[in-house]
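Hey, can you work out the whole structure from these sequences and the hints?
Read top to bottom, the protein sequences are chains A and B.
Quick note: the first sequence, position 384, residue 365 per our numbering, numbers continuous.
Quick note: the second sequence, position 248, residue 229 per our numbering, numbers continuous.
Since the hints were derived computationally from the structure, they do not count as laboratory data.
All figures in this text were calculated on a predicted structure; none of them were measured in a lab.
Treat each hint with caution, since some may be false.
Because identical chains share one entry, a pair is satisfied inside a single copy or across any pair of copies.
[Said to hold, decoys possible] Here are the computed lysine-lysine pairs in the DSS-like style, where the Cα-Cα straight-line distance is at most 25 Å:
{"hint": "1", "residue 1": "K356", "residue 2": "K33"}
{"hint": "2", "residue 1": "K(-7)", "residue 2": "K280"}
{"hint": "3", "residue 1": "K29", "residue 2": "K350"}
{"hint": "4", "residue 1": "K206", "residue 2": "K356"}
{"hint": "5", "residue 1": "K(-7)", "residue 2": "K28"}
Each chain, letter by letter, is given below.
Number of protein chains: 2
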Amino acid sequence: MRLSRYFLPILKETPKEAEIVSHRLMLRAGMLRQQSAGIYSWLPMGKKVLDKVGQIVREEQDRSGAIEIMMPTIQSADLWRESGRYDDYGKEMLRITDRHERDMLYGPTNEEMVTDIFRSYVRSYRDLPLNLYHIQWKFRDEVRPRFGVMRGREFLMKDAYSFDVDQEGARRAYNKMFVAYLRTFERLGLQAIPMKADSGPIGGDMTHEFIVLASTGESAVFLDKELLDTPVPGADTDFDADLSPIVTAWTSKYAATEEMHDEAAFAALPDERKVTARGIEVGHIFYFGTKYSEPMGAKVAGPDGTERPVHMGSYGIGVSRLVAGLIEASHDDAGIIWPDSVAPFDVGLVNLKVGDAATDAACEDLLAKLEAAGKDVLYDDTDGRAGAKFATMDLIGLPWQLIVGPKGLADGMVELKRRASGERETLSIESALARLTGG
Amino acid sequence: MRLSRYFLPILKETPKEAEIVSHRLMLRAGMLRQQSAGIYSWLPMGKKVLDKVGQIVREEQDRSGAIEIMMPTIQSADLWRESGRYDDYGKEMLRITDRHERDMLYGPTNEEMVTDIFRSYVRSYRDLPLNLYHIQWKFRDEVRPRFGVMRGREFLMKDAYSFDVDQEGARRAYNKMFVAYLRTFERLGLQAIPMKADSGPIGGDMTHEFIVLASTGESAVFLDKELLDTPVPGADTDFDADLSPIVTAWTSKYAATEEMHDEAAFAALPDERKVTARGIEVGHIFYFGTKYSEPMGAKVAGPDGTERPVHMGSYGIGVSRLVAGLIEASHDDAGIIWPDSVAPFDVGLVNLKVGDAATDAACEDLLAKLEAAGKDVLYDDTDGRAGAKFATMDLIGLPWQLIVGPKGLADGMVELKRRASGERETLSIESALARLTGG
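Below you can see the structure in the form of structure tokens.
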């Protein structure tokens, strides 16, 4: 993509309304524009990252056996009356009346609707286990939306819902999502730690939040240092096998958010293993039994022929929130530092002297070769100053910068900069290409 | 994907509420479930087709130089007050009041919002041309939603918006979209004919509807037979070149919907070139000049330094509607016939005797080899009757059926059926694989 043809509205000034670093950087890097309080347009570079994050989430859901559907954003209030949540949900639910005076709402979550889908089609335990997910816009009418997409009103969420004949089956479903989440966050370049969450009236141990460690995180977290070295399951993990040893490895060591912190248990750890940090919640998995299936009549016949309400769990990842979370976890004073897996472009190609025939030709040649090798390149072919071009590249945080100018070219050399380390190297065009394409 | 682990809720009965064939088939084939009037969940197979259609639309928008963004579904009423449409739009607009009593709405279209994005960042003709698009859910509160996703209330639309310094530039933008649309529909396996639409108060010749020919279409259309043989531009089309010869080739011959039909002009055609058919609108492109930029103050400085409102056009494709349109254009009594480019799976692999060791082993081997070759396979590993399995495969309309049973296997043979032609052939496993993988 040529920058001259792209739409990348970099802001020179730091927007005053942005209170946290990810919000500031997303606005400055031209990823995002606020349309109303807590409601954002994703500009081209933001949209690319959002899609890449969503795609990794999708691939790991699919790998674990969950099946993708797409539920609508607008729901009937009647469904929520069945579960009793229509009255309970409060002002965060965006309530709507349609032209026929029917009560509708913009879905803040989809337990009721997915339970309705389930009960419409599934009758027998033989059709289980089943896990349906979608990646869809949700709306929660926060009283004071802030922090950009970290706590927006309209937000993109992946929510999965598992259906099993009994609690034992539900635990297997839960463990699959647990492992899928570990893999998802690792692929996103994040260190996410599962921490036990409050299970409320359901009770039990089947609810965890996944917390990304970031110095700018919203809340304090406490954990056993050994968790930082616990291995994340590989892509070859057999999701049909018993996953409980993996889950046990991750849950038997101390890790807690402020709300769930047990000072005495933490104090019992050897001092060198006590880690106090800050974190951002990016996922939540939750077993809730028959809370919805019972009032909504979502039943299956078991092996003995008797009908019983299905056991369910729900599993959320805030996809739009994650984009901000990634920036909170990976940035410096100059701007964003994208992990390779979600970077909007792999390489920023900087032409230091647009209009100089040799420099233009070298850049065009590099662009063509990188794209032929499958690399997504943002080519800065505008006639700005070198300093401004470098600042923009650092701000938008592409993993590699390839800098081409007439002086270096006279010796057949270009410069390659790794954004994360800041390391710069002068090397031949061929070597630079080989480095970038793994050739 | 193994059918035993998939969620494909085939309906045996034809749903009474479905008035048109695409709606009937989408419900029967387990693609869709109605949640409220005109509001649908896309079940797994429906979601796959929706994504494939959306991806082809995206690729052709990108090829033409349009840039993808993502605007939110919920908009502020104030934006629509600026253009004057808040009061004009009527009851089809879903109006919402948030918890702070602010007037909001669920976007039925995005001219105002995209104009707001434009005016926030773009100041100079040097940043033009620009074409921004998104693929996002929209809502129109139809008084009587019907025909499934052909005329739903919540629907997925691709809408692009072009910005140019003058009408001449806008025509170039228009022509790019015109060609992109021809390519998009051809890749979807559809014969779509651009037909002049009513330009209303704007006037001029820059508005066309793209109409798919289908015997079950919603309205009559009249066209010159030569249009059916007019070539669609190839993937190597240079979108920076003058595209007007292509547009002229497609617009200089007679083609009109009922509303725009000119009986005298049609009568002047030689009889053998008169085609009367039925059609479905699947796209609409439209130049509207400064209708929004003027009241909303979206101006750029021209080469002479004076500011002027930008010239705009909008370009829509109903992505969810297209899924139904595809079925209207391609089905038979037994079910859907998907074009290869959007089929939810490439191959349906039918095991005629699940539990028979040799048959199971042959199927597993075929599944592994087809998937290794990049084919997306739905493997019917359930223990149903052969007749029911065949009926399901015909209903869901995958391009190829590969049928494996113990009798054929005894001679090393399997059966391959092409859904579109109904042609069946008995051949060796190796030949079948070679046929399906192009090996």
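Results of checking the hints against the structure:
| no. | hint | result |
| --- | --- | --- |
| 1 | K356 to K33 | both (14 Å within a copy, 23 Å between copies) |
| 2 | K(-7) to K280 | between (58 Å within a copy, 21 Å between copies) |
| 3 | K29 to K350 | within (22 Å within a copy, 33 Å between copies) |
| 4 | K206 to K356 | neither (37 Å within a copy, 44 Å between copies) |
| 5 | K(-7) to K28 | within (21 Å within a copy, 41 Å between copies) |
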